[in-house]
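Trainee: As a plain string of letters, each chain reads:
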Amino acid sequence: MAEAKAAALAPGARNPLGRGVVYAVLAVFAVFYLAPLVVVVLNSVRTAQDIGATSVIGWPRELAFDNFSRAWGSYCIAQTCAGIAPYMWNSFLLVVPATIISTLLGALNGYSVALWRFRGDNWVFGLVTLGVFLPEQMKLIPWVLVLRELGLTNSISGLVLIHVVQGISFTTLFCRNYYVAIPAELLKAARIDGAGYFRIFWRIVLPLSPPILIVTVIWQFTHIWNEFLYGVTFTSGPQQPVTAALIALSVSVSEAPQYGVQSAAVLLAALPTLLVYLFGGKYFLRGLTAGAVK
Amino acid sequence: MFTIDRRGLMAGAASLLAAPHLARAQGSVKPRLTLISQWSAGSDGAAITALGRVFEQEGGVWQHSPVPGFTTEMMNKLRADILAGNPPAASQLKGPEIAAWSRIAPTVDLTEEVKAAGYEEVVAPDLAKLHKPQGKWIALPLQIYRTNTLFVSSKAMARVGATELPTTWEAFNALAGKMQAEGITPVANGGIRWDDGMKFEIALAGISPAAYRKAIMELDDDALRGPEVLAAFQQLRRFANWMDPAVAGQHYSVFLPRFIKGEMGMLMMGGWAQGVIRHNGFDAGDYMIGQAPVDNGKPAFVLNADAFIFWRSKEPDLQAGQKLFAKLVMSKRVQEMYSKTTGSIPVRTDMDLSGEGWSEGQREAARSLNESVKANQAVLSLAHNMAQSNQLTAAMIDVLTEYVHNKAVTPEQGRQRLAEAVESAR
Amino acid sequence: MPAGTAAVAGVPPLARPAPARWRGWLGRLAPHLVLWPPLLVSVLHVVSFTAYTTWISFTPSTLLPEYDWVGVQNYVSVLNSRNWKIAYSNLVIYGCGFVLLTTALGLLLAVLIDQRIRAENLFRTIFLYPMAVSFVVTGTVWAWLLNPGIGIQHLVRGFGWAGFRFDWLVDREMAIYTIVIAGAWQASGFAMALFLAGIRSVDADLYRAAQIDGAGPWRIYRRVVLPCIGPIFIAVLVILLQFAIKTFDLVRALTGGGPGLATQLPTLVVYDLMFQRGLLGRGAAAAVMLLLSLLVVLLPYFAYARWRKRREARHG
Chain A
1 MAEAKAAALA PGARNPLGRG VVYAVLAVFA VFYLAPLVVV VLNSVRTAQD
51 IGATSVIGWP RELAFDNFSR AWGSYCIAQT CAGIAPYMWN SFLLVVPATI
101 ISTLLGALNG YSVALWRFRG DNWVFGLVTL GVFLPEQMKL IPWVLVLREL
151 GLTNSISGLV LIHVVQGISF TTLFCRNYYV AIPAELLKAA RIDGAGYFRI
201 FWRIVLPLSP PILIVTVIWQ FTHIWNEFLY GVTFTSGPQQ PVTAALIALS
251 VSVSEAPQYG VQSAAVLLAA LPTLLVYLFG GKYFLRGLTA GAVK
Chain B
1 MFTIDRRGLM AGAASLLAAP HLARAQGSVK PRLTLISQWS AGSDGAAITA
51 LGRVFEQEGG VWQHSPVPGF TTEMMNKLRA DILAGNPPAA SQLKGPEIAA
101 WSRIAPTVDL TEEVKAAGYE EVVAPDLAKL HKPQGKWIAL PLQIYRTNTL
151 FVSSKAMARV GATELPTTWE AFNALAGKMQ AEGITPVANG GIRWDDGMKF
201 EIALAGISPA AYRKAIMELD DDALRGPEVL AAFQQLRRFA NWMDPAVAGQ
251 HYSVFLPRFI KGEMGMLMMG GWAQGVIRHN GFDAGDYMIG QAPVDNGKPA
301 FVLNADAFIF WRSKEPDLQA GQKLFAKLVM SKRVQEMYSK TTGSIPVRTD
351 MDLSGEGWSE GQREAARSLN ESVKANQAVL SLAHNMAQSN QLTAAMIDVL
401 TEYVHNKAVT PEQGRQRLAE AVESAR
Chain C
1 MPAGTAAVAG VPPLARPAPA RWRGWLGRLA PHLVLWPPLL VSVLHVVSFT
51 AYTTWISFTP STLLPEYDWV GVQNYVSVLN SRNWKIAYSN LVIYGCGFVL
101 LTTALGLLLA VLIDQRIRAE NLFRTIFLYP MAVSFVVTGT VWAWLLNPGI
151 GIQHLVRGFG WAGFRFDWLV DREMAIYTIV IAGAWQASGF AMALFLAGIR
201 SVDADLYRAA QIDGAGPWRI YRRVVLPCIG PIFIAVLVIL LQFAIKTFDL
251 VRALTGGGPG LATQLPTLVV YDLMFQRGLL GRGAAAAVML LLSLLVVLLP
301 YFAYARWRKR REARHG
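Chains as they are written, first to last, in the working numbering: chain A, 1 to 294; chain B, 1 to 426; chain C, 1 to 316.
Since the hints were derived computationally from the structure, they do not count as laboratory data. Where hints are given, some of them may not hold.
[Claimed, not checked] Restricting the straight-line Cα-Cα distance to at most 35 Å, the calculated cross-link-like pairs of lysine-lysine (DSBU-like) are:
#  : chain 1 : residue 1 : chain 2 : residue 2
1  : C       : 85        : B       : 407
2  : B       : 374       : B       : 323
3  : C       : 85        : C       : 246
4  : B       : 214       : B       : 178
5  : C       : 85        : B       : 214
6  : B       : 298       : B       : 261
7  : B       : 30        : B       : 327
8  : B       : 323       : B       : 136
9  : B       : 214       : B       : 115
10 : B       : 332       : B       : 314
11 : C       : 246       : B       : 407
12 : A       : 188       : C       : 309
Please take these sequences and the hints and turn them into a complete structure.
Mentor: As structure tokens, then:
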């Protein structure tokens, strides 16, 4: 079946020009998308003097690969000269549980709202959806108060809680919109066979879910990984996530910018999310070719 | 729901007053200091780290949590800690915000320590006032920068055949005109908010420090609508016309290479720019440095200072730590070490900067501070949140930054909008 | 919520094998124990935080929350401020431009990638990676690239095209569109991923049928694929809309709201009022107005969804 679809959509088989156009357009876009990355990569191997004396955009005069080792293990951030490595670890401790929990809860929620209909489900879904629109700036003070009441100020668990609760809005939205497309007949049949809430979820919904779960995980992982405002406000010193360390390297009023080391640090800090995309993309595809939604 | 409010906090804190001598009762404790600042990297980070080391040498436990990034993020952290009932022993705070924040949580009265150190006599009076809002010292200034410092590219000077820094705005404008005729961009400043505000304050302070004091520090309506403020807006328009349009939204440091190459002429920036220029691999011969023009021929000093506020704590080791920290911050030794690291000048006006490790720029700025204080021409910086509360400052800088980037606004309109912004923000 | 009956409202009750009574009861209860807590936490967080902010917006709160009543004073002063007026009209321009451009780019890229190309994984990663890097960083890099003095204009002129001009970033009228570009650059990869997932889940039989009818690729996309991925469109639009409304770090790093006040957005105003100027009450009022304007967009959508459901129910 997949072959049939692919055959239908492979104009190149008949029309080589069309195929050339496809690649040309993709290449142009790729250049546009890659431009900022190229600047960062170039800067990551330039010395601070080189950048400061010429321009923030340019070829390296000499290759300063030690920017990477300094950024990773010896650059002084916040009084400890251990680079971004410890902060990367903090971010992992934060991102992994928050992503897994919020994705699972989102899948359950999406399933409940989309397939296990109940009275008022649309209202509940509407309110949950509204959650994705609340600006972080607005929620900062309420979160301060909630964390204080729960005794979770200045802790990674506090941040996990924040990201799980806020993330549920997104994950529910993603999953619900995906599950809505699952044909009702499939569920009816399962119910006639006597399957309950969990059984249907486990045996029917979850096997259909890999594509949307990948999307959800990518979204949650990158958002939590890159989140800065809460990370800085609710943790301190050695507990801070890596974004806080990155901003520490960035420019302030009275400081000389450290673009070389900073760019290297940015690349290192972006590696986990980039890897999620690379491998996520692969499984994404595998999930789809395995049958997905019929 | 949540029951805490300002009064509750104050009441809770008042109960702490009941046991102020816990520290002494328990005998000697190891002094400990929890501190929030935004100094985490570069020379700022190095200076605070060195201060921490001194603190530890004196037998203390140093617990510094830098909050990197923008100042607002540090304030958010402080706010969160205060709301959670757990403020740090000391935190970085400056200008009129010291008074504002001291109203929402209890602070430490440092008057005794200040008196013992004889600190009040050696601090510029306007600066001292900011740190004792209710007549009691609750915060201590650490270092000073002069914002009205003029940097001129040596190469640009050579190209127009000039050798002397301009000392009046007339001379400045003439020099800028010559530079422009040579194809040099005369003004090398950046184009972000605080930079736009700074250009205005430098212009006004140079036109008349007295008018600056009345209009910007005292918000006198007549002065705000007066001829000096108009002249400052006119000068600000000239700056804007002499800037590269590409600087909008950019930090000044991005254009330093062009400044050093002589493609740009003059930079009005705080003393900290020396460190940034040095860091970029240029040396003191690449530029000339001095006070920005002051029309009345006497030194004037637009002052920007960093300070620590001390939050009250019930733990005896923190109380002991605060005492030790206050003593250190006020000491000549720490101020010398700190300023040498960051390129600022010490708060104490009784220090000798002739020794090794001080730059000519620092010596000149320190001299200028002393003389400006005597001539009553030391004023507080608007753009760096020293003159007004953040609310008023932001409202005023809104007007200034829009004026710089929108040439359709006339100086008269600019002056009027500034006065109106002050009126509605008060 | 009538928990006992709720679960079966959507699906007609069906015959079940009859287990022991208590097991049936537990079996019916268990889903609710799992179903409700996450939904309730989520709903509670939205409702209580919004209510709290609304409450604060009627108080004189400055640096910390205070709970006295000052009426609509905060709203009046926000509505009268230049900052807010500029920010609000910017949001409309930016919101529309960003949503349209990103959707178009995302769909185009998804269709191109769907052409059974080589190195698909590579291209997909290239288009997705902007989401992977911190917004603070990409904003800064775009500020360099878009800056006429050091970025694209400077480079193109360096190649010999002396008259080339691309100075939107420092042009008060055009600066907001640079935010649109950078925003679309960042988010279009995600739109692409969602569209791609949608396109690939279209039933292969439909393709075959269309192909047998002799439809070309363009026609297949238009007639077969697009109608099938309607829900994906809704998801993409909602995601992009929230992205547009919440845009903050990007602007802060790219233009700082400048030149002057030209690229102010409501989130910047909210943050500035609350935390820079220390006016929590006024910032809360701005936040509430931002949310209210959101309802102007969302309510018609909900009304439409309801209307469609009713119609389907009548016809179905």
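Trainee: Work down the list of hints and note, for each, if the structure agrees.
Mentor: Results for each hint:
| no. | hint | in the structure |
| --- | --- | --- |
| 1 | C:85 / B:407 | holds, 20 Å |
| 2 | B:374 / B:323 | holds, 31 Å |
| 3 | C:85 / C:246 | holds, 17 Å |
| 4 | B:214 / B:178 | holds, 34 Å |
| 5 | C:85 / B:214 | holds, 31 Å |
| 6 | B:298 / B:261 | holds, 32 Å |
| 7 | B:30 / B:327 | holds, 16 Å |
| 8 | B:323 / B:136 | holds, 15 Å |
| 9 | B:214 / B:115 | holds, 30 Å |
| 10 | B:332 / B:314 | holds, 29 Å |
| 11 | C:246 / B:407 | holds, 31 Å |
| 12 | A:188 / C:309 | holds, 20 Å |
The earlier numbered hints are all upheld by this structure, with none contradicted.
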